Structures are given as structure tokens and as C-alpha cells.
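> So the chains spell out like this:
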Amino acid sequence: MADESGGFAQFATSRHRALYRYAYLLAGERGLAEDLVQEALTKTYVAWRRLHDSANADAYTRKVITNTAITWWRRKSWHSERPRDDVPELPTGHHDDNVTARLWLWEELQALPPRQRAVLVLRYYEDLTEREAAALLGCSIGTVKSQTAHGLKKLRARLGPDAVLIMETVVAK
Amino acid sequence: MTGLLKETLTERAGAVQEPHLDLDAIIGTGNRRIRRRRSTAIAAVAIASALILAGGVVTARHLADSAQPAGGVPTFKERRPTYSTGDKIHYGRDIIKVGPEKISSFVQIDTGFVYAADSGAVYFTDGSGDGRSDAKLGTGSSGDLAADDSGTLVGWVDDNGPATDEFVLYDVGTRHEIARTTLGNEKKPVEEGLIPQVLAIDNDMAYFAANDGLRSWDIGDGKGTLLKAGALPSELSDAANGKLAYPVIQPGGAIEGIGVARTLGPRNVIVPGAIDSANLSPDAAHVFTESTDTSRLFRSDGSGEIKLKSDHALLVQAVWLDNDRFVTLGIKTLESPEKNPLDLVTCSVRTATCTTAVKAFSPYPPDDGNPPPFQIPTGHRLP
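Chains A and B are the protein sequences, given in the same order. The opening position of the first sequence corresponds to residue 1 in the working numbering, with each subsequent residue numbered one higher. The opening position of the second sequence corresponds to residue 174 in the working numbering, with each subsequent residue numbered one higher.
Keep in mind that the hints were calculated from the coordinates and are not lab data. Here the structure is a predicted model, which is why all the values come from computation and not from measurement. Heads up, a few of these hints could be off.
A short, non-exhaustive set of chain A residues, derived as facing chain B with CB atoms under 10 Å [as the list claims (entries may be wrong)]:
hint, residue
1, F8
2, R17
3, Y22
4, L41
5, V46
6, L120
7, S140
8, L152
Idealized CB from N, CA, C, for every residue including glycine.
Produce the complete structure using the sequences and hints provided.
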């Protein structure tokens, strides 16, 4: 057991930052992200013996974070008080179009259904391929494609033509 | 747009400060779980499994014969112990093949089954097709469905196409949408990340968790009413026979217990304690409740608990068959539960006993973080 906990501790310490960032992008809330990582790492510890190496453990932990996040969103069973808005400080500087577009985009990302948000985070933050994202989510590649398309379509619709224009301008710079 | 999306995600991830890693707590909790080999009620069913129950796929003729009333029209009015595995619905002894997609969640109605796929598509099957091209009713990516205890109505939220999430009520009997509304969803949700949901259908009323709170929808006149502004979906557990089951929440946020009343809000606690879920019988006379490692059955009039006699240590989830019986997942032991397969169990209120309906329908599966490959007709995907 001592060897196991030693190997797990090394894994958890080295991967905690990356796992927390991933959970935060899914949850959009620091407290909830912390809970997600804590729960996922606990499950990883329980399963540590059969995971064998840190690569398996990393994939397993991300899978647990993702499925737990989707479940919690569906159940919405947490009643304890949570901060409504814990958006981290943005880099200082003037609020140009780029910053405005990012703020809008972040806000609208929070409003997407959890699975669509998860797919976008996996594809555009984690840089996973459609096949890798499908494996992690436990769904088909076609589902990843359709969820990505729906998520992007909804973002465009919610942001409206002005915001899309700003973003296109920003991207073109 | 995707370039900016990547920039936004990267920036947000980089700006958030990493919290303290409490390894002692994680390892301590993990060790307790390993020692006890027990899980919470939800985790117990959240585990993937492979089915061992073998069976052939029935033909439409066989199914129609077995469920056919005197009038000659195939019916599914009878509720049987039912579960799904991938592309099959095990309806009592009959097996219905579905397609073109697999089942993520499903409900039974009087004419068949409505199921949601991972893609968000919502389909209907009555077993009469070829098992490959069921009728597509619409889309709704959250995968949550709602249906009444009888009838042919089903509800879901279409959040795939429209910019604003739409509640959809569909009558499979007439193959028509009877309502499609964004009511209450025009504003931002009351809590970040909340997704609208059709919570329940009860006779001529539907209940919505909208962005602005809990709403009722009169199916007859097509009008909605805001029942509780700012309320979360979890603040209404179930609706049946004109009554609502809901958590009574203290000002600090803790759950005092479950209340059952005709309106939402009276603080008459029928079931005390931190209850995770409550499921009313069709006549609303009884309520099945679940909390961590515990499930109990109560009379809704406040006259107390009905102690069920069961060979199982834990009963998880409930699907009512009629006013007397409900089907649930049976876990044999909480100590080393993986040593025993899961059973599908039928409980009777009248006799206060539970008996195994489908023995060992699934081995107790490994905890690999995936949702289970089986579902029961609750309308929600087991996590």
C-alpha cells in the first residue's frame, strides 16, 4: 500500500495543475472544479493498482472528471452556496475588441450544455483529435462531430452578428 | 472563431490559480472506499457492466401478440420490469431491437418506448420496425426525457438547434408536437451551467426547470406559470396525480427532507433527512426516496415508512409499474458488492416485499469512469 500511495502521490502532485485547469474549463467555477478534481483523484487512487502507469491514470482521471461534471450538471443537486461569479482576473490592459470578444465567448461557453462544452474544451484546449475525444467521452466520433458543430453554431447564434463580426476582425488581425 | 475559442480557453485556464492539493484527504477517503468496498447509491449504478443475460430479439409479430389487447392494436400499456442494453430494450421477456442509434436514456409510454441517443436525437419504437430505422421525433442533446405514468406524451428540451433552449412536448399517439416554447429560457440561467429540463408530466400539466426557475405548463390551454422564481431543477423531485414531491430546503441551503403537497413550498416534511431523490407512485400515495447508501419507501400522507423486506442490501432507482409495484436495481451486499451481480427487483407496497424479477442481469462492474451500458426507463441516463 505504501508503494501504491507513493506512486499515486507523485502522479497527483505532478498532474494536479493540468487536471484542475481542465476541470475549471468544464465547470466554469473554481470551487466546483476543485470538487471535481478531488473526487476524480480519489477514484483514481482506488483504481490505482489496475491503472499501472501514469498515462493510463491521466486518461482515467480526465474521463472521471468529464463524466462527473456532466452528471453533476444534470443532477444539479448541490445546494450549498457557491460563488456565482469567480471569473479570474484577466490580464491588465485596455479592453479592446479582443478582450471583449473573449469575455463574451467565455460567458456564452458557460451557457452551453455540458457535453457540448466538454467537446469544445477537449478539441480546442486539450487539442484532442475527434477519435481521442470520442474515446474519452465514451461516444462515437460522429457524436463528437455533431456536438462540436452544434456547440459552435449555438455560440455564433447567441453572440449575434455584431459579436461574430468583432471576433472575425480579431481573428483576422 | 475556433482560433479565438482556443485563445479564450487557454487564457482562462492560465489565469486560474491552482488550489491546494489535499493528498491526505484523497488518500484517506480512497482507503476507506477500498476497505469498505462500498459506494454511494449513485456510484453503485454508475459503473459499467457487460450483460450476461442472453436472449433472442423478438419479431414484431411476437411482441404485438404478447402485448396485444382485445382490440387488436399493439399496446405497451402494461409496465414490465424493463432495462436497455445498447440497442436493445428488454421489456419483460421480450427484447426490442432499436436503431439507428443506441439508447442513452429512455421512457415507456402506452404505445412503445421513446429513447434519446448520445447524438441528441430522440426516437420512438414500438418494436414493429426493422430495428434499424426508428421514427425520429426530434433532438435534445441533454438526453433527459420525461413521460407520465400512462399516456403517450413525452417531453424534452431541444438545445441542439435553436439559439434559445426550447421545451418540447410531443404526443406520440398523434405524432404531433403539442407544445414548443422558450418560456423562461430567454434570460441567463439562475445558476451558471444550469440546463433547462422537462422535469415531469402529470396528466394535463408539465413541469419545466427553466432558466428563470420552476414552471408549470398547462397542456390543455398552452399557458405557463412561474411556480418558483430562481429555483433549481433539483427543487422539484417528481409530480404525480396532482401532487408534487420536493426537497424542503432550509435557509442555509441544507435539505430538511422531502415534502409532498399540491403546491410547491409547504414545509411539511414527509421524509426527513438529506434525500437525494424522491419518486412518487402514480397515485402519489407513496414516495420512494434515495440518499447515500440508503433507500426507503414512505406513505405520502405523512403516516410513516413502509419497511420493505428484501434480500438486497441496497435498492437503487425506482420505476413505478402501477400504484402497488415498482422496479429497482438490487445490490446484494455493500461489503464487497462486486462479488455479486446486479438484480432487477420488483417491490410491492401492499405486501411490503421485494422479489427478484431478473436475476443477475448484470455483473457488478468495475469502476472505470464510464456510464453503464444498461439503462432503466427513468428518462435519465444513469451516470
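> Each hint needs a verdict: does it hold in this structure or not?
So, going through the hints one by one against the coordinates:
Interface hint status for A:F8: upheld, as the beta-carbon distance to the closest one in chain B is roughly 7 Å, under 10 Å. With its C-beta approaching chain B no nearer than about 5 Å, A:R17 sits inside the 10 Å limit, and its interface hint holds. At about 8 Å, the closest approach between the beta carbon of A:Y22 and any beta carbon in chain B falls short of 10 Å, and the interface hint on this residue holds. Interface restraint check: A:L41 against chain B, minimum CB-CB distance 5 Å, threshold 10 Å, status holds.
Given hint, A:V46 at the interface with chain B, holds; its Cβ is 5 Å from that chain's nearest Cβ, closer than 10 Å. Nearest Cβ of chain B to the Cβ of A:L120: about 7 Å, under the 10 Å cut. The hint holds. Interface hint at A:S140: satisfied, since its Cβ lies 7 Å from the closest Cβ of chain B, which is below the 10 Å cut-off. Proximity of A:L152 to chain B holds as hinted, the smallest CB-CB distance being about 7 Å (cut-off 10 Å).
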